[in-house]
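Chemist: Using the sequences plus the hints, can you model the full thing?
Residue numbers (our numbering), protein chains in the order written: chain A, 1 to 507; chain B, 508 to 855; chain C, 856 to 1162.
Since the hints were made in silico from the structure, they are not lab data.
Mixed in with the good hints there might be a few duds.
Only pairs whose alpha carbons sit at most 27 Å apart, straight line, appear in this in silico DSS-like list of lysine-lysine [as the list claims (entries may be wrong)]:
hint, chain 1, residue 1, chain 2, residue 2
1, A, K250, A, K270
2, A, K104, C, K1157
3, B, K745, A, K270
4, B, K794, A, K379
5, C, K942, A, K401
6, C, K1157, B, K846
7, B, K745, A, K368
Derived coverage of chain C by chain B (criterion: at least 3 residues anywhere in the stretch with Cβ under 8 Å from a Cβ of chain B; other residues may be distant) [stated by the list, open to error]:
hint, stretch
8, 1060–1068
9, 1131–1142
Rough simulated footprint, nothing fancy, chain B against chain A, three-plus residues with beta-carbon under 8 Å [said to hold, decoys possible]:
hint, stretch
10, 284–297
11, 335–344
Quick reminder that beta carbons are idealized off the backbone N, C-alpha and C, glycines included.
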Amino acid sequence: MPKILQTIGLTKSFPGVLANDHIDLEIEEGEIHGLLGENGAGKSVLMSTIYGLYRPDEGKILIRGKEVTIDSPHTAIQYGIGMVHQNLTLVSSFRVWENIVLGKEIKKGLSLNEKETLKKLEELLKMANLEVDLRAKTEELFLGSQQRIEILKILYRGAEILIFDEPTTILTPQEVDQLINTFRSLKKEGKTIIFISHKLKEIFAVCDRVTVLRKGRKVGTLPIEEAAPEKLAEMMVGRDVLFSFPKGKKPGEEIILKLEGIATPVEKGKVALQNINFNLHVGEILGIAGVEGNGQRELAELIVGLIKPRKGRIFFRGEDITFLSTKERIKRGIAHIPEDRMQRGIISDFTVWENLIIGFEDQPPFVKGKFTLNHSFLKQFSSQKIKEFEIDAPGNDVLVKNLSGGNQQRVVLARELSGNVVLLVASQPTRGLDIAATEYLRNKLLELKNQDKGIILISADLDEIRSLSDRVLVLYEGKIMGELSPESDEYQFGLLMGGKSIDEVLA
Amino acid sequence: MRFSLKKSPSHFSILPEIIAILLAFFIGALILLFSGYSPLVAFSALFRGAFGSRNAWGQTLTQATPILFTALAFLLTFRAGIFNIGVEGQFLMGAMASALAGIYFSGLPAPLHIALSLFLGGAMGALWGLIPALLKVYLGAHEVITTMMMSYIASYLTSYMVNYPFKAPGWVAQTEPVAKTALLPKILPPTQLSLSFIISLFLSLLVSFFLFHTYLGFQIRAVGLNPGVAENRGIEIKNRQILAFLLSGFIAGIGGGGEILGVHGRFVDGFSPGYGWDGIAVSLVGKLHPGGCVLASILFGMLRAGGMTMTRVTKVPLDLSLIIQSLVIILVSAPYFIKVVILRKKDF
Amino acid sequence: MEIGTLFNLSILQATIRMATPLTFAALGGMFCERAGVINIGLEGIMLNSAFWAVFAAYFSGSSGVGFLAGVLSGMALGAVLAIFTVKYYADQIVIGTGINIFGLGFSAFMCQKIWGSRGASGAVAGLPSLSIPLLNKIPYLGPLLNNHSILVYLSFLAFIFSHYLLFHTPWGLRLRAVGENPQSADTAGINVHLYKIVFVILGSTLAGLGGVFLSLAHLNFFAWGMTNGRGFIALAAMIFGKWTPVGCFLASLLFGFADALQMRIQTLGILPPQIILLLPYLITILVLAGLVGRATPPSDYKPYIKK
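Modeler: Here it is, written out as C-alpha cells:
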C-alpha cells in the first residue's frame, strides 16, 4: 500500500545554507508522525517545501505513490495537505468564521452568506471535536483558540494530512494537553498528522513514529516504542547532550534591582502589568517563565525604560529610576537583549561597526570634541569586538543584514555588554539561533552571573529557564503568579503559566 | 567620507540611476514625437541652452542652486524617515523672510546684512517645518499631507503679502527691491550666477559632514532606518525627528533667501517654478547622498536652463522638464524594475 | 451680514457638489490603501483625468467620450503605480510623488500644445445634470439633492457600492485580508499581487472620476493645476473616515463644505482672495491635528514579497 506522503531526495538550499539535503521521508496514512530536530535542522523548510511555500532544488514529492508538483499552498491544499504554522496567519480584525472561510467563501449571489457559513462550520466543529466561538473577533481570542482557527481553516478545505509546525510554542502546558487530545480525535477521523517539534516530551506523548533531522539531513526514523530519549537526543545533536548546565555559585545578598508595586498603563495591543514585586540579587539569574504574550515584552521594556509605569517604583542599586530615561539607564549599566532582533536589536542597513556603537555615539572616546565621530577609534573598537565575541563577519563595513541570525545576535550581545554592565535583561535570547550560537549565549550568561552581574532571563523555553536560572517567576496576564525553584515539578510550572495561583499549586 | 573606501557592489553602483535618466529622456522624446515636435531639435536646443556657452553654464548653475538647497533639505528629513514634500513651502517662506529683511533693515554693512537676511530666511523656513514636525511627532499626523498643506498655505500667504501689504507700486506683483547691502554678489557676470551657488556647495559639504561625521547625524540616520532600535538604545526619536525637520526647513529657507538676494533682488509672485519638486527628484537620483545631490542638481538645472532656451527656440512647452523629471523620479525609485526589465538580470 | 448669507440652501448644494471630487478620490485612495498601497499620486491622477476628459470632449464633441477618456486615464496611471509598487517593490510615496509631478507637467504641456495656453483650455460641452422629479416632493432634502450633475449621483452610487463590496462580498473580504495580513491571504490561495494591482487600478480610476468632475461638471474646461491639492485633502478625508466608505463620504462632505464656504466668502469680498483660498488647507491641517492617535491604518503598506 503506497504511503500517503513520500519525499525522495528532497533538497532545498538558500544562499549560504543547505537547508534540506536529499531527504527521504515516508508518512503512513492515519499515523501521527513526529519530526524532531534542533533549531536550524531543516524541519520547517522541509514541511514548507511540501506545503508549496518553497520550490525544491532537487527531489520528488509523492502522494499515494503518484509524483506531484506543489507550487503553492493552494495546490498543496488541493492535494489534501494543510499546515498550521508557528506564526498564526490570521486577520485580526476578522471574525473567526471569516478567517476560516477566507478564499473559499460560501456565497449567496454576490454576497457573503453568513448564515449558511455558520451552519457548515458548526458541523465541522462537531466532527473535529473542537470548540470555538465562530462569531468572536479574532483579535480578542487567546492564542490557543486562535490556533484552533488555523486547524479549522485546513479542515474546512478538506485536509487529510495536517502538518503542525512547533504548535506548542504559544501554548500553556494545559493547552498543549488539549492539542494532543485534538490530535487523537483527528487521528480517529482518519487524518494523518505530521508534528514538528524540538521537545522530546511532546513527541513521546502522542507520536506513532518519529523522524529525526540534523543539519539538513535525515538521521533516521523510528517507531516510538524503539525510541529512547537519550537516543533521540543524540540523533538530534550528534553528541552527548548536557541536560543541565553547571549551576555556578550562589547569588549574593546585595539587591541590584527592586520592583515595587509596579503597574503599567492599559493600552491596546499591550499587556498591562499589575502588582509586580520582585528583587534581583548580584550574581543571580532570575528566570521569568510564561507563555509568550503574557507581559514578558512589557516587563523587559519597563525595566529598560521604554514603558513608564502608572504605579509603583523601580530601584536600581538603591536609586529610584522609575522615570529615568533609557539613556540614563544604559549609562548606569542596564543592558538589554531584545526579544525582537529585527525591531529592537539591529539596524539591518547599518554596518557592523555602526550597529556596535548605537547608544555610545555621543560620548567620548566615540566622539572627539563635542560632535565629531572619532572614526579611527570606532574602527579599532569594532575590530576588537568582532574578535572578542567571535562575530563571523568579513569586516567592519559589512551590512548587518548579510549576517546570519546567530552572528546578528552576537553583534547585539557585543554592543550590550560593551559598557559597564551591571544588569542584563535577556528576552528570548536564543530564539531562532543555531546550536553553536545558543550554547555560546548560554555560556555568556553564566559567565556574567559568575562576575556578579544580575540577569533577568525571559524565555518561553521552560527547559532553558530551568537549566540556567537560580529562581523562576511565572508571568501570566501581566501578573506574577508565583515563584518556583528550577527543580520544581514541570506540572507546577504549567499550572502557574495557565493562571493558577501559587497557593493552589503548592497545596 | 565613510571610514573605509571599500565599495561593495550594490552600495556604489550608479548604473540603475544612469539608465533611469536615459530612459526618462527616451520617453520624453517619444512624447515630443507624438506631439509633433522633433526630439532632435528640441534636445539639441536644450543642451545648447544648458552647456553651449559660458552664459549657458551660468544659467545652468543658477538654476541648479535653489534645486540643490531643496534637495539637501529633503534629503535630511528623508534620512530621518520623514517625507517632507513641503520643501517648496519652506523655501517660499524663507524667501519672503529674507526679502523683507533685505528691504526693511538698513544701515548694516553688506556682509552682516546678507548674513542676517539669510539667517532669518532659514529661521522662517525652519519655523514652517516646525508645525508639521510637531503635528507628526506629537499627534501622529502624516507629514505628507501636512507639509503639502503648509506648502499651499505658504504659496497663498506669500502671494497675498506680495499683492497687498508689501506690494511695490506698479503692475507687477512684487515687493520693493532689497537694499544694495543685502544683495549677494554675482560671481559670473553677465550671468545671474551668484554667491548663492557657492553657499549651496558649502552647505552640501556641511550636510555630508553632519550626517556621516557627527553623532547627531548618526542618530538621525538610525532613527530613520529603525526607530525601534534607536529607542531601545536611548536615542530620543521625537527629538531627532524634530531636529531633522528644523534643519531641513532651515536649509530650504536659506535656499529661498539665496534666490531672492542672489538672483531676483526682490520677492516676485510666483518666482519659483517648483524648485521644491525638483529637489525631491534630485535627492532620489543622488541616492540620498549630498555628493550625488550636487551632481543631480546640475542635471536638473540643465533641464530647467536648457528648457528655457528650448522653449524659446522650438516652442516646446517648458513643462517638458517637469515631465522628464517625473519620469526620472519614477524610474529611479524602481531599481528592481530597471534591473529585471531593462538589464535582464535575474538575481537581484 | 446675516448668518443666512453664509448658511443657506445654495451653500449646502455647493457642499454636495464640492464634496463629489473628494468622495471619488477618497474612495479611490481607500481601495488602494486597503490593498496595502498608499496612493500619494491621487492629485496627479485627478489632474490627468481632468485633462484627458476635456481633451476627448473637445475633439469628439461629446462629454460622454470625455468621461470615458477620464476613466481610461485613471486606469493607466493606476496601472503604473500598481506595477511599480507591487511587482517591482518601488517606494509607494516616491512613485506617487512622481505621478503628481507627471500629472502637473503633462497636462500643462498638452494644454499649451493644443490650445496655445498653458493656463486654460478651450471650453467643452460639460456632462449633463439630472433632474429627479420624485425628489421635489420631499420638503427640504428634495431641492438639496436634486438637479446635480450626473457625476454627483454617481459618487453616491460609488460610495454605496464600495461599502457593499468591501464588507459584504467575498472580494471585499479578500481585499481586506490582502491589506492587513497578506501572508494569510496567500496561504488561503488568494493571488495577493493580483488583488493589489486590481484594486490599485480600481481606486485610481475612481479618483480619476473626481478629476473628470472638476473639468466636465464643475467647470467645463481644463485649467492648470485645477485640482488644487484636492488629492491630498481626499487623503485626509480618507484617514478621517477611518478607511471606510461611509467615513470617506461623510468626511468628504465636511471638506466639501470648507471648499464651498471658501467660494462663498470670496463672493462676499470681505477678505483678500489668497487668504480665503488658504482656508480649506488650514482646515485640513486642523482636522488632521484633531485625529490624535485614533487612526489605525488597514495595512502596514510593506510590499508583499513572495519567497
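Chemist: Give a verdict on every hint.
Modeler: To see whether the hints hold, each was checked on the structure:
At roughly 35 Å between alpha-carbon atoms, K250 of chain A and K270 of chain A are farther apart than 27 Å, so this suggested pair is violated. This hinted pair checks out: K104 of chain A and K1157 of chain C have alpha carbons roughly 25 Å apart, not beyond 27 Å. For the given pair, K745 of chain B sits about 21 Å from K270 of chain A by alpha-carbon distance, which is consistent with the 27 Å threshold. Taken as a hint, the K794 of chain B and K379 of chain A pair is honoured in the structure, with Cα atoms around 25 Å apart against an allowance of 27 Å.
Taken as a hint, the K942 of chain C and K401 of chain A pair is honoured in the structure, with Cα atoms around 23 Å apart against an allowance of 27 Å. Under the criterion of a C-alpha separation no larger than 27 Å, the hint pairing K1157 of chain C with K846 of chain B is consistent with the structure, at around 21 Å. Between K745 of chain B and K368 of chain A the alpha-carbon distance is near 25 Å, which keeps this suggested pair within the 27 Å criterion. For the stretch 1060–1068 of chain C, the stated coverage by chain B is not satisfied: 0 residues place a CB nearer than 8 Å to a CB of that chain, which falls below the threshold of 3.
Counting residues of the stretch 1131–1142 of chain C whose beta-carbon sits less than 8 Å from any beta-carbon of chain B gives 6, enough to reach three: the coverage restraint holds. Here the stretch 284–297 of chain A counts 0 residues with a CB under 8 Å from a CB of chain B, which misses the bar of 3, and the coverage is violated. Residues of the stretch 335–344 of chain A with a Cβ under 8 Å from some Cβ of chain B number 5, which satisfies the need for three, so the listed coverage holds.
Of the numbered hints given earlier, the model fails hints 1, 8, 10; all others are met.
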